[in-house]
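Undergrad: Sequence:
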Amino acid sequence: MRDPCIHSFITIIGSISVTEDGEGNITGVFLPNQNLPPMDERDSDILVEAEAQVNEYLSGRRTHFDLPLSIEGTGFRMAVLEAISDIPFGETRHYSDIAGLVGSPRAYRAVGTACAENPVPLIIPCHRVVPVTGIGRYAGGVSLKRRLLDMECERR
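Quick note on numbering: my numbering labels position 105 of the sequence shown as 105, and the sequence is numbered without any gaps.
Note that these hints are calculated values from the structure, not bench results.
These figures come from a predicted structure and were not determined experimentally.
Glycine included, C-beta positions come from ideal geometry on N, C-alpha and C.
Honestly, I wouldn't trust all of these hints.
Pair by pair, the computed Cβ-Cβ distance ranges are [stated by the list, open to error]:
1) SER104 / GLU41: 33 to 43 Å
2) THR63 / ASP43: 20 to 30 Å
3) ARG137 / ASP86: 19 to 29 Å
Build out the structure end to end from the sequences listed, making use of the hints.
TA: Take a look at the structure:
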């Protein structure tokens, strides 16, 4: 077993960093302007693959990710992240839609919290979850969220 590590790379949306647990599982995706955890910068097979898949997604050649993940959370949070993972490329869902899908129709604010705490944005596409009244927030900023949604709609 190796120590956890981070790999950073430049994309068309700016610098992205991906972390792994040392056992070949992705644990985090950090979008431009996000603070990075203190870790050794190192390449690994899975981090190189993650970079390739992120670049394929951003260039329109990939509509979903196929990477091993190691993320933790409450049962509710994990159910929300799983429901978000099922949102098709180029489509959006409202926070209330996701709340209903996970069996807690009144928990739309908690869905928002689960989105905000998503450790692997892009891979689990929380940018596809929007409020009824607009676009909502995003870890990479509202302009990046809008850019990702527009990109997906154009390539659908």
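Undergrad: Taking the hints in turn, state whether each one holds.
TA: Against the structure, the hints:
1. SER104 / GLU41: 33 to 43 Å: 40 Å, holds
2. THR63 / ASP43: 20 to 30 Å: 26 Å, holds
3. ARG137 / ASP86: 19 to 29 Å: The hint (19 to 29 Å, Cβ to Cβ) holds, given that ARG137 and ASP86 are roughly 21 Å apart.
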